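As you go down the protein sequences, you meet chains H, F and D in turn.
Residue numbering for the first sequence follows this note's numbering, beginning at 1332 and increasing consecutively.
Residue numbering for the second sequence follows this note's numbering, beginning at 823 and increasing consecutively.
Residue numbering for the third sequence follows this note's numbering, beginning at 823 and increasing consecutively.
For the record, the hints were derived by calculation from the structure and aren't laboratory data.
Small disclaimer: the values here were computed from a predicted structure and weren't measured.
Where a beta carbon is used, it is the ideal one built from N, C-alpha and C, also for glycine.
Don't take every hint at face value.
As the list claims (entries may be wrong) - Taking lysine-lysine and the PhoX-like style, the derived pairs with C-alpha atoms no more than 20 Å apart in a straight line are:
#1 K877/F - K877/D
#2 K861/D - K887/D
#3 K905/D - K1508/H
#4 K861/F - K877/F
#5 K861/F - K887/D
#6 K887/F - K995/F
As the list claims (entries may be wrong) - Which bits of chain H does chain D cover? Going by a derived footprint, with three or more residues having C-beta under 8 Å, they are:
#7 1463 to 1473
#8 1503 to 1514
Claimed, not checked - Some residues of chain D that are not near chain H, with every Cβ distance over 10 Å (derived):
#9 T893
#10 A952
#11 V968
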Amino acid sequence: MSVASENEDGFMLTGDAAGAAEPTAEMPQGWPEDEVRKQGAKAGDEALYLELDGWEGPLDLLLDLARRQKVDLRQISILALVDQYLTYIERAQDLRLELAADYLVMAAWLAYLKSALLLPKDEQEDPSPEELALRLQLRLQRLGAMREAAARLMARDRIGRDIFLRGAPEGLRTDRKTLWRSDAYSIIQAYGQVKARTAPRIYHVSNRPVMTLDSALDRVSAMLGVTLEWMEIRDFLPPHAEPALRKSALASSFVAALELARLGRAEIDQEGAFAPLRIRRLKEAVRQAVEA
Amino acid sequence: MTDDTAPDELERGLEATLFASDEPLTVEQLSAHLGDLEKSSIREGLAALQEHYAKRGVHLVERGKRWHFETAADMAHLLRREKEQVRRLSRAATEVLAIIAYHEPVSRAEIESIRGVQTSSGTLDVLMEAGWIKLAGRREVPGRPVIYATTNDFLDHFGLESRRDLPGIDELKAAGLLDPVDEAFEEAMGAQDCEADEDASEDAEEDAES
Amino acid sequence: MTDDTAPDELERGLEATLFASDEPLTVEQLSAHLGDLEKSSIREGLAALQEHYAKRGVHLVERGKRWHFETAADMAHLLRREKEQVRRLSRAATEVLAIIAYHEPVSRAEIESIRGVQTSSGTLDVLMEAGWIKLAGRREVPGRPVIYATTNDFLDHFGLESRRDLPGIDELKAAGLLDPVDEAFEEAMGAQDCEADEDASEDAEEDAES
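So here's chain H without its partners, still in its complex pose:
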C-alpha cells in the first residue's frame, strides 16, 4: 500500500490537513504497533482499512478530529467535524492517495449528513439528521471512553514493568500419594463373582404342564359326541386346571377343533372378532352332503 510508505517518507498528510497533527496524549506517535500494522497492511491481511498516520478506520480519524475541537465530546460541533473530515479526505484525494473504501463511504455519508443538517427542518425525512448526528456522537463518545480507559489501564503499575514478582521462587510441590483401600469382604465377593462368572453352567428346561394335540383331539371329539348344541370352546377345557395348563389346553383344543372341522366332523362359529368361539358336531346329513 503506497500510503504507508509515503507516510514513512515524511509525507505528512496530517501536517496541514487539520493543522494539529500532534498526537493526543493517549496516542503517542511512536506507538510501536504502527510498525506492526504497517507490516500487516503490506501483508495484505488487513486490506479492509488503510492507515493514515496511524488511524484505524474512519471512526478513529473522526474521533481524533473531534478531540481537536478541545471540548467535551458531548459538546462537539458535528458540522465542524464533518467539514474537517471532508477536507481531510479531499486532500488525500488531491494527493492521489489511495483511500480505503470505508473512508470514502464515511465521507459520502457525512456529506449527506451535512446537507441534511443544513436543510430546513420540516423537509426532513425519518430518521432526522439530528438523530443521525446524535448517533455518531454517541459512537465517538464510546470509542473515546475506551481509548482513555485503555491508556489508563496501560499506565498502571504493571507486573514485569513496574512491579516484579519473586525472581527465583522455589515453587511448591505437592506429591500425590494414593492410599488404596479395600476390605476382605470385597475380595471374597469378587472371587465369588469370578467363579460364578466363569463356572460351567447347567441349563434346566422346566417341565411345564401341557395338553398335547392328541389328547385334545380325543377330548374334543368325545365331548362333541354328547350333544348337538353349540358349545363354547372354553367348555372343553379341564375345569380345575391351573392357568398354565389351561392356556396349553385352550391352544390344543383350538387346533383340535380346526382339525375336526377339516375332517367334516364339526363346525366352528364366531360372531365377530374376539367373540367366543363356538363349536358343534356336524349333523350326519350335512356331513354327507359336504363329503359329496
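Following the hints, position chains F and D against chain H.
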C-alpha cells in the same frame, strides 16, 4: 533496626508458602497447603501479613481472589532498567483489551461496533497468548458468537484486585458510556423531551448488542 | 499485628531488589543496582534486613558472598507437601487381588484364564503400589512367566491372620456368593459394608480351582 513482634507460626507459614510459590494462591489453596486450616484464620493471617509488608519494599497483594508478593510500585525505578519483561501491545490490542475488560463478556462484533473497524484475528490472539483474555462461551443469539472475557492473569498484571478496580469504570457506567449506542440513543431521545442529559442509565446493562 | 518501625529506603530497595532477582546478588551488584552506594552502607542495610527476617518465614541469607531470600528451614516441609489420597480399589483390581490371594503364586496368564478377561498391567501395578502383592519368582515352565503372591501388608490391611482365613468355595456357595448376579445387584453389594459372614470361615479350603 526494626524491632518486630515475632510473627506467629501461621503468618510464617503463609509467608514462606507465598514466597516460594511460583503462582498466586487462593485462600483455599493456602488452607490446603497449610494443612486444611480454617479459611477465616488464613484470611486473618493474610491481613496481618499484608499490614506488616505495607511499608516494606515488597508487598502482599490480592488479585482476583489470589494472593502473591510483589515489589512495591515505588521501587520500579530500581528494577525497571534491567528487567523490562513486558511485551508491548499494539494500540489496537490495547483498545480491544480495554473494551473486553470494561464490557465483558463481549463478542467480536460488539468490539468492532465500538471501534468502527474490523478486528484482525491476530489482535485477539496476542491477547489470548498473553493470557489476559479467554473465550467465555457463546452468546445465545443468532449465530451464537463466541464471547470474550478477561482472566485472573489480567487482573494480576494490571494490579487490579477485581474488575471493579478498573480505572474509571464507575464513572463510565454512570455516564452510560458502557451501554450500547442504541440504548444510549433511546435514552437520549427520551430525555430530550423532558430536558437534556440527566445522568443517564443507572443500572448499565452489559448484555450489549449493537 | 506486628508493629514495625518502618524500614528505611535502603532496606526497602535491597528487599525489592533481592526479591525480584533471579539469582543471588553480591554486595557489589547490589551497590551498583542501588545507584553506587557505599558498600559499607549496603552491608549495614543487609544486616538490618537479615535481622528483620530472622524470625520470619523467609530468611535473608548469605552464601559464598551472595545474598538471597530463602524459605526458613523449619518451613521447608511446606514447600514439598505429600498429599494422601484415599481411593477405593477398582472392581478389576479387586478381582485380580482375590485371584492372587486364592491361587498364589500365580502368573498373569493364569489370572487371565481364571477371570476370563484380559488383565491390564496397570491393574497389577496398582496392587504392587498398594503393597499388597509382590513378585514371587518365576514359574519354571516355557517362557518362565513371573508369578505373583500376596504380602504381609495384604494380610494386615484385610485383617486376615493368614490366607487360610479366606472362605473356601463351599462357604462361598453357602453364602450365595457364587450365584450369578446382575450388575445392579453387584453394585448394591459393593456399596454395602462387609458384614457378618466373614467369620463364617473357619477352616478355609484352598483347593480353589476354576
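Cross-check of the supplied hints:
no.	hint	in the structure
1	K877/F - K877/D	18 Å, holds
2	K861/D - K887/D	13 Å, holds
3	K905/D - K1508/H	6 Å, holds
4	K861/F - K877/F	26 Å, violated
5	K861/F - K887/D	41 Å, violated
6	K887/F - K995/F	23 Å, violated
7	1463 to 1473	violated (count 0)
8	1503 to 1514	holds (count 12)
9	T893	6 Å, violated
10	A952	4 Å, violated
11	V968	21 Å, holds
Hints 4, 5, 6, 7, 9 and 10 from the earlier list are contradicted by this structure; the remaining hints agree with it.
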